[in-house]
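Participant: In the order they appear, the protein sequences are chains S and V. Heads up, the first sequence is in our numbering, so the first residue is 23 and it goes up one at a time. Heads up, the second sequence is in our numbering, so the first residue is 23 and it goes up one at a time.
Derived by calculation from the structure, the hints in this document are not laboratory data. Please note: incorrect hints may appear among the correct ones.
If several chains are the same, the list does not tell them apart, and a pair holds so long as it fits within one copy or across any two.
[Said to hold, decoys possible] In silico BS3-like links for lysine-lysine, alpha-carbon gap of 27 Å or less:
| no. | residue 1 | residue 2 |
| --- | --- | --- |
| 1 | Lys76 | Lys26 |
| 2 | Lys110 | Lys136 |
| 3 | Lys26 | Lys44 |
| 4 | Lys136 | Lys218 |
| 5 | Lys153 | Lys110 |
| 6 | Lys153 | Lys76 |
| 7 | Lys110 | Lys26 |
Protein chains: 2
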Amino acid sequence: MYPKSLEQLIDSFRTLPGVGEKTAERYALLITEADPLEVEQFAQALLDVRTKLKHCRICGNLTENDTCEICSDQSRDQGQIFVVQSAKDVIAMERTGEYHGVYHVLNGLISSSKGVLPEDLNIDRLIERAKDAHEVILATSATLDGETTALYLSRLLASRCPDVLVTRIAHGLPSGGMLDYADEMTLMHALTDRRKV
Amino acid sequence: MYPKSLEQLIDSFRTLPGVGEKTAERYALLITEADPLEVEQFAQALLDVRTKLKHCRICGNLTENDTCEICSDQSRDQGQIFVVQSAKDVIAMERTGEYHGVYHVLNGLISSSKGVLPEDLNIDRLIERAKDAHEVILATSATLDGETTALYLSRLLASRCPDVLVTRIAHGLPSGGMLDYADEMTLMHALTDRRKV
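Kindly produce the complete structure, drawing on both the sequences and the hints.
Facilitator: As structure tokens, this is what we get:
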């Protein structure tokens with residue numbers, strides 16, 4: 023019922039995660055009133071992301087160059103590898119400012135429900151890198167798929183790179199978390215992984 | 023911290039209504055994994071909406087032509103004008119399939135809080151059209167700005183086009199609405215506008 027170009031834009035917005043008909047309409051109608059220059063920048067940004075962005079050939083992180091800034095930074099410990107699901111996780115960790123090693127981005131998690139197999143992920147390259155590293159930190163999420171992937175990687179690394187130290191990030195009560203609101207799994211982890219003060 | 027092209031896309035998504043940092047990141051990261059053809063269509067749709075879409079020279083609705091489909095449709099009653107705030111409202115009303123007149127899109131509402139004055143809206147053209155019409159239906163929302171605009175228009179029409187019938191859409195209990203959940207204004211309207219059965 024909308025003019026064709028508007029319908030097309032609504033359809034495009036609907037491909038975004040969690041965006042339904044109403045939200046897509048709202049976004050598209052805002053574009054009809056937006057500053058033309060901003061809209062052009064928006065369109066250009068979409069194209070740029072597709073053409074300029076690639077995966078770092080070392081760690082799989084998103085970059086506009088062959089290797090990402092972190093892998094190119096010789097002041098960082100290239101022998102400590104923090105393994106995450108996606109580029110988003112790299113940013114989250116970098117924000118802490120507390121980590122000075124490098125990353126490895128799997129670009130997904132092993133998942134039986136979504137049919138993602140180990141060979142679909144950036145794992146071969148991790149094994150290669152782990153041979154020259156002193157520590158691999160498994161930092162996939164504390165979800166079913168995250169734990170499955172961490173378990174798979176820990177076994178694979180133990181057999182293929184027996185000399186490297188493999189660790190898993192701590193699970194427990196989140197900062198600001200209240201004991202009586204925590205679920206059983208969290209409490210169990212908080213108890214098991216307790217440390218001497 | 024993200025590569026520049028990705029940062030730019032996140033910024034663009036953030037200009038959309040209700041989209042914060044996290045959501046914009048999620049949208050942008052999805053684009054990095056999307057089908058290149060779809061992304062190109064998305065970018066093209068953005069540009070098309072800016073270049074092809076304009077306001078119908080008669081009613082102010084969005085269209086790719088000089089006059090919109092509804093104003094060009096001679097089977098519709100061109101003397102009955104349904105006055106709404108935006109193009110979205112035209113679509114909502116058209117979905118009912120019950121209205122066979124034409125529309126007038128104000129492209130906003132008079133608002134003291136947002137500093138929108140009558141001269142910022144598509145009102146002059148409405149007065150012109152009302153002179154040849156038999157009914158003007160004021161269908162702005164039942165909000166403060168909507169009521170203000172309806173009141174302003176009803177007075178202006180009464181003085182400038184005294185022969186035209188000016189009506190206001192009914193206010194009352196929404197379909198499926200429960201009496202004990204309705205607010206006072208709604209109940210007051212439901213009582214005042216009661217009709218003989």
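Participant: So, for every hint listed, does it hold in this structure?
Facilitator: Now the hints, each set against the structure:
Proximity of Lys76 and Lys26 under a CA criterion of 27 Å is satisfied inter-copy only: 12 Å between copies versus 33 Å inside one chain copy. In the homo-oligomer, the alpha carbons of Lys110 and Lys136 lie at most 27 Å apart inside one protomer (20 Å), although the nearest pairing across protomers, at 37 Å, exceeds that limit. In this assembly of identical chains, Lys26 and Lys44 lie within 27 Å of each other by CA distance solely inside one copy; the values are 17 Å within and 31 Å between copies. Proximity of Lys136 to Lys218 under the C-alpha cut-off of 27 Å is found in neither arrangement, the shortest distances being 40 Å within a copy and 59 Å between copies.
In this assembly of identical chains, Lys153 and Lys110 lie within 27 Å of each other by CA distance solely inside one copy; the values are 26 Å within and 59 Å between copies. Taking identical chains as interchangeable, the C-alpha atoms of Lys153 and Lys76 lie at most 27 Å apart only when both belong to the same chain, with a minimum of 25 Å there against 61 Å between chains. Taking identical chains as interchangeable, the C-alpha atoms of Lys110 and Lys26 lie at most 27 Å apart only when they sit on different chains, with a minimum of 15 Å there against 35 Å within one chain.
Violated hints amount to a single one, hint 4; each of the other numbered hints is respected by the structure.
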